[in-house]
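Enquirer: Input sequences plus hints: build the corresponding full structure.
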Amino acid sequence: MNFIVGSMIVCEAAFWVCIILGLLLRYVLGKKTLGMALLSLTPVLDLYLLVVAGVDLYNGATATLAHALAAVYIGVSIAFGRSMIRWADERFRYYVLKQGEKPVKRYGMDYAIQDMKGVLRHAAAFVIGAGLLVFTDWAVGEASRTELLIQTVWKWMLILGIDFLIGVSHFIWPKKQKPV
Numbered sequence: 000m001n002f003i004v005g006s007m008i009v010c011e012a013a014f015w016v017c018i019i020l021g022l023l024l025r026y027v028l029g030k031k032t033l034g035m036a037l038l039s040l041t042p043v044l045d046l047y048l049l050v051v052a053g054v055d056l057y058n059g060a061t062a063t064l065a066h067a068l069a070a071v072y073i074g075v076s077i078a079f080g081r082s083m084i085r086w087a088d089e090r091f092r093y094y095v096l097k098q099g100e101k102p103v104k105r106y107g108m109d110y111a112i113q114d115m116k117g118v119l120r121h122a123a124a125f126v127i128g129a130g131l132l133v134f135t136d137w138a139v140g141e142a143s144r145t146e147l148l149i150q151t152v153w154k155w156m157l158i159l160g161i162d163f164l165i166g167v168s169h170f171i172w173p174k175k176q177k178p179v
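Last residue of the sequence shown: number 179 in numbering that gives the first Met the number 0, and the count goes up by one each step with no gaps.
These are computed hints drawn from the structure, not numbers from a lab. Accuracy of the hints is not assured; some may be wrong.
What the hints assert, rightly or not - Taking lysine-lysine pairs in the DSS-like style, the calculated list, with each CA pair at most 30 angstroms apart, reads: (1) K31 / K104; (2) K104 / K177; (3) K104 / K116; (4) K31 / K116; (5) K116 / K177; (6) K116 / K174; (7) K97 / K174.
Expert: What follows is the structure, encoded as structure tokens:
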């Protein structure tokens, strides 16, 4: 297995371990400060992944899909990390601790607005990740070794465009609540 792919898998697993342990410490053991400290470690995982991918390319590796996905992962983690933690926090409190209100199911314009917020987060993830990809391409300075990074930017831009169109479609055809 490619070292970068392995690092991404370890970072993703460590992200969820930090989230779950952080929530357990906060709510079950009452260690709010320690729990928040563990939740706050998640950006360190992103930094580790960035360094590993950068060092690999600096040492002469040709960019692979794993290198490109490392930048995508970092962009998504930064843009969505806080909302993913909030999502996990709400569900943990309700479904595990049986506290608080049930997480809201959204429909209609409320759903469309929430979905468009997700599209805007996706756009932020794109700016961060694509910025890292373009910067890496420039820093390495050998287009033959980094061609895949720029191809990834273009493909991601297409995916972001599709996500935007889907988001807009929810305003035109709002999601309806299913009859009970």
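Enquirer: Run the distance test for K104 versus K116: straight-line Cα separation, threshold 30 angstroms.
Expert: The given pair, whose Cα atoms are some 15 angstroms apart, holds under the 30 angstroms limit.
Enquirer: Is it true that the CA of K31 sits at most 30 angstroms from the CA of K116?
Expert: The hint holds at about 29 angstroms.
Enquirer: Would you check the hint for K104 and K177, treating anything up to 30 angstroms between C-alpha atoms as holding?
Expert: holds (11 angstroms)
Enquirer: Would the hint linking K97 and K174 be met if the CA-CA limit is 30 angstroms?
Expert: Holds, because 28 angstroms separates the two Cα atoms, which is no more than 30 angstroms.
Enquirer: Can you confirm whether the C-alpha distance between K116 and K177 stays at or below 30 angstroms?
Expert: Holds, at about 23 angstroms.
Enquirer: Does the structure keep K116 and K174 at a Cα separation of 30 angstroms or less?
Expert: Distance ~16 angstroms between K116 and K174 Cα, so the pair holds.
Enquirer: For a C-alpha distance cap of 30 angstroms, please report whether K31 and K104 respect it.
Expert: With Cα atoms ~28 angstroms apart, K31 and K104 stay inside 30 angstroms; holds.
Checked against the numbered hints above, the structure violates none of them.
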